[in-house]
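Turn these sequences into a full structure, and let the hints steer you where they fit.
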Amino acid sequence: MDALGVDRVSVGYGNALIIEELSVAIPKHKITTIIGPNGCGKSTLLKTLVRVLRAKEGVVSLEGKAIHTMNTKEVAKRMAVLPQTAQAPSGLTIFELVSYGRFPHRKRMGRLSNEDYQYINWALEVTGLSDLRDKSANALSGGQRQRVWIAMALAQGTDILVLDEPTTYLDLAHQLDILLLLQRLNKEEGRTIVMVLHDLNHASRFSDYMIAMRDGAIVTKGEPNEVMTCHHLQKVFQIKAELTACPYSTNPVCLSYQLCETDAACKVR
Amino acid sequence: MTKKQWKTSNQLRKEHQIKWSFLLLLVLLIACILVSLNTGHIRLTPIETVMTLIGKGTEQQALILFDFRLPRIVIAILVGMGLAISGAILQGIVRNPLAEPGIIGINAGAGLGVMLFISFFASVSEAPVYLMPVVAFVGAGAASFIVYVLSYKKYEGLSPIRLVLTGVAVAAGIDALMIVLTLRLDPDNYQFLATWLAGSIWGSNWTFVLALLPWLLVLLPFVYTKASVLNVLNLGDETSVGLGVNMEKERRVLLVLAVAIAAVCVSVSGGIGFVGLIAPHLTRRLVGDKHEHILPISAMVGAVLLVLADTIGRWLQQSVEIPAGIFVAIIGAPYFLYLLAKTKD
Amino acid sequence: MLRVNEEKQLQEVKESARPKIGMGILIAGTALLFLALALSISLGAADIELKTVWDTIFHFNPELVNHQIILELRIPRVIGAAIVGACFAVAGALMQGMTRNPLADSGLLGLNAGAAFMLAVCFAFFPGLSYTYVILFSFVGAAMGAGIVYGIGSLSENGLTPIRLVLAGAAVSALLGALSEGVALYYEIGQDLAFWYAGGVSGTTWEQLKVVAPWLCIAIVGAIVLSRSITILSLGEEVAIGLGENMGKVKLLSAIIILILAGAAVSVVGAVSFVGLMVPHLARWLVGHDYRWIIPTSAVLGALLVVLADLVARMINPPYETPIGALIALLGVPFFLYLARKGGGQI
Chain A
38 MDALGVDRVS
48 VGYGNALIIE
58 ELSVAIPKHK
68 ITTIIGPNGC
78 GKSTLLKTLV
88 RVLRAKEGVV
98 SLEGKAIHTM
108 NTKEVAKRMA
118 VLPQTAQAPS
128 GLTIFELVSY
138 GRFPHRKRMG
148 RLSNEDYQYI
158 NWALEVTGLS
168 DLRDKSANAL
178 SGGQRQRVWI
188 AMALAQGTDI
198 LVLDEPTTYL
208 DLAHQLDILL
218 LLQRLNKEEG
228 RTIVMVLHDL
238 NHASRFSDYM
248 IAMRDGAIVT
258 KGEPNEVMTC
268 HHLQKVFQIK
278 AELTACPYST
288 NPVCLSYQLC
298 ETDAACKVR
Chain B
0 MTKKQWKTSN
10 QLRKEHQIKW
20 SFLLLLVLLI
30 ACILVSLNTG
40 HIRLTPIETV
50 MTLIGKGTEQ
60 QALILFDFRL
70 PRIVIAILVG
80 MGLAISGAIL
90 QGIVRNPLAE
100 PGIIGINAGA
110 GLGVMLFISF
120 FASVSEAPVY
130 LMPVVAFVGA
140 GAASFIVYVL
150 SYKKYEGLSP
160 IRLVLTGVAV
170 AAGIDALMIV
180 LTLRLDPDNY
190 QFLATWLAGS
200 IWGSNWTFVL
210 ALLPWLLVLL
220 PFVYTKASVL
230 NVLNLGDETS
240 VGLGVNMEKE
250 RRVLLVLAVA
260 IAAVCVSVSG
270 GIGFVGLIAP
280 HLTRRLVGDK
290 HEHILPISAM
300 VGAVLLVLAD
310 TIGRWLQQSV
320 EIPAGIFVAI
330 IGAPYFLYLL
340 AKTKD
Chain C
382 MLRVNEEKQL
392 QEVKESARPK
402 IGMGILIAGT
412 ALLFLALALS
422 ISLGAADIEL
432 KTVWDTIFHF
442 NPELVNHQII
452 LELRIPRVIG
462 AAIVGACFAV
472 AGALMQGMTR
482 NPLADSGLLG
492 LNAGAAFMLA
502 VCFAFFPGLS
512 YTYVILFSFV
522 GAAMGAGIVY
532 GIGSLSENGL
542 TPIRLVLAGA
552 AVSALLGALS
562 EGVALYYEIG
572 QDLAFWYAGG
582 VSGTTWEQLK
592 VVAPWLCIAI
602 VGAIVLSRSI
612 TILSLGEEVA
622 IGLGENMGKV
632 KLLSAIIILI
642 LAGAAVSVVG
652 AVSFVGLMVP
662 HLARWLVGHD
672 YRWIIPTSAV
682 LGALLVVLAD
692 LVARMINPPY
702 ETPIGALIAL
712 LGVPFFLYLA
722 RKGGGQI
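Residue numbers (this note's numbering), protein chains in the order written: chain A, 38 to 306; chain B, 0 to 344; chain C, 382 to 728.
Calculated directly from the structure, the hints in this document are not laboratory data. No experiment lies behind these values; they were computed from the predicted model shown. Wrong hints could be hidden among the right ones.
List of simulated lysine-lysine pairs, PhoX-like, C-alpha gap at most 20 Å [as the list claims (entries may be wrong)]: (1) B:K13 <-> A:K172; (2) A:K114 <-> A:K67; (3) A:K114 <-> A:K84; (4) B:K13 <-> A:K144; (5) A:K102 <-> A:K84; (6) A:K67 <-> A:K258; (7) A:K65 <-> A:K84; (8) B:K13 <-> A:K110; (9) A:K65 <-> A:K114.
Written out as structure tokens, the structure reads:
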């Protein structure tokens, strides 16, 4: 069964539909990346998947069940979300912030249980934040802050992790750092990861499955080898790409590119 | 492993800080109460006060303490707590540091409700006091609904600044309407309304305490159970949804709670602004951003603030009594300005 | 090239002005104003025929009671109302043009509260001061209120947006209002101040008018003289510099005029808000964006508005008078909300 799926959904703000009649499935235990130019509807699709936006038509399903019929806390036990612009209130320590990830598992009142502590400490450890746990959350660098939010999502203890541009605003090393962490979570624990990425090469290198969008519709989807072709990149981004093999993975990467002026064929090296 | 072992020394220190804040505020509150008991037209020495409290004072002293000063202090405490908690909730749900029951029009709406209500009776003393919180709630609810609708823009949502701006304007409009309507009242009621608007703690006898107390006893504990929801709401809409908060429902419930608490308080205290603004902010500085701590501590801060303001008002001028609302505004308005300079659009 | 662009922009504004309509509105407005004045004089606790009003003015007979009521009570009052309305409106127009802030109003930006506070101080510490000096206090107060609001506004990390200024104005007004109320209660001068806060013109006397009138005439004439420069300022600083306007001088003069207008008006009527907000918008809508037309039109319409408000205030619940400040706020608040919702709009 697929982890997540949308079936002929239409979503939009007000009367303007951004996505119309779109269907796609997110495979389980894999890293799926959505790519596409600005305004193509990839963030809208992601927000629909995690029920931040409600589809006007169609069904979003989580492990085969329609998501809007489920209790929202139950959904939160299975799927964690990292929004694009997460803002922490100023007076919290990292530990406190990460502990909020346990919200869906807690009763209304009461303290953190032993199980809660175990999850939180594990999340801090995996993200390498154990030593910073008592630091104020807003005294952190961009990379650290992003890891705090990932830790919070991990503390939620879900099989599915959805991230909206987790590497934006980070420098090169920190981008890779985050992506390697996500890869490890996927390989070692079999977590399903869905994200939007802007960097094509990162998307290709770290994904098992890619979805390319343009103008609110899916242009192509499949393994990076299938998606990262000159033909598709031209269709999606209107660029003439020079592709080559990635030295760190089996997937292709884009060496450089030129804006398309004509339909001139791309070269594959 | 036990839970204690999970905690680091830093966390323990923070818990200490919270405990100490609480104790310090408690001591402050008690001190304020004692001073307040001593303050007024007829001065009692501290010894006389204590003697009277343990039942060894003269009849007149007992009358002054138990029938005039004590209920007034109790009301100041309750109202301070209520307004502070209402402010904390509002700041939490709209994620707006400037939100406060007075500023977003709740006080004005409650005032209008109370005014219309008492205009049906020949004088304030004849009006059934127990109904007043209800009436105030209806008025406050209507006013905050209007503010909400007017400041909500499709696709842009609630911008903090716009919400406050609309609140200020609606409050000004309601105040003007009240002034126009007051002239239809007889002079007795008019006088009452003038002091009400200035925010003197006018309802100073046990009847008003009894009218106020049951509401707070029900509402405040209920708010406390929502502390973890408030924590999560603080993280932003998308994160809250991701963590499984039913945003629309929780927001609505909390808003109704905030309006109800502020309305019942204001119905007996008069239009006191800024307590709900200052108290939660001071509290955050003391104990951080977790609502499990913010709610009780800001209640304490609010109580101290209001008892203090009320005492100063009586101490400065015994014959006329300067309303507590004036002192709170003198501290609160500059604080609002400071926050305004810091807030982003 | 740039210069040509700016000239063109100015030209467009001038062309957008509608001199014929402007003239028509000025004339019709003035006529209406006189009609309203006459009505206002004749209506009141004792109704007096219009003919008697006419007689009082042109054939005054000190032995007739009605003539005396008219001369000593009614006429100063309506003239007071008219002058105050014109002042607030012109002050508002100047503020809106100079700062390009559509929400500017002497009441909303703390000037009125400042003036009222200084009045309270004046009554508390210098009782019996002659009106000539009282009015000076009022100017200082207006300057203080404006200074605090703009000071705080410019401290803000996000700059002086119109909405921020209004919020700062609201808080400063709350603060100064609380302070003056405290002063009034403490020094037991509440009675003396009551009618000021309520915003009534009923207490206006000839003596007050004699003191205030010269200030106001100079200020309004000054505003009209400055109006061309205000139009240029209202196009934005860059354009104004491009057109070689001496910005500093114009701004300083306008600020002085605004303070005189607001301070003097408050000393007569109390802290009345929204006149300076509504009237210039109405004027702009009627006569276009040229301040040479906006300012005189605002003066006439502002006078008309306050005279009518005063009339209504007396009619609602005789013999009591409803404070005109409250009445005008009932009109002003919806107008303000509309402007704020539009997102500030364009000047």
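Now the hints, each set against the structure:
For a cut-off of 20 Å, the pair hint linking K13 (chain B) to K172 (chain A) stands: about 12 Å separates their Cα positions. Distance hint between K114 (chain A) and K67 (chain A) is fulfilled; the C-alpha atoms sit about 19 Å from each other, no more than 20 Å. Taking the CA atoms of K114 (chain A) and K84 (chain A), the gap is about 17 Å. The hint holds against a cut of 20 Å. For the hint linking K13 (chain B) to K144 (chain A), the alpha-carbon distance of about 24 Å lies beyond 20 Å, and the restraint is violated.
Among the hinted pairs, K102 (chain A) with K84 (chain A) is consistent with the structure: their alpha-carbon atoms are about 17 Å apart, no more than 20 Å. With a CA separation close to 14 Å, the supplied pair K67 (chain A) and K258 (chain A) stays within the 20 Å bound. Distance check on the hinted pair: K65 (chain A) and K84 (chain A) sit about 19 Å apart at the alpha-carbon level, within 20 Å; holds. Annotation: proposed proximity of K13 (chain B) to K110 (chain A) is violated, straight-line Cα distance about 30 Å (limit 20 Å).
The suggested pairing of K65 (chain A) with K114 (chain A) holds, with an alpha-carbon distance near 16 Å, which does not exceed 20 Å.
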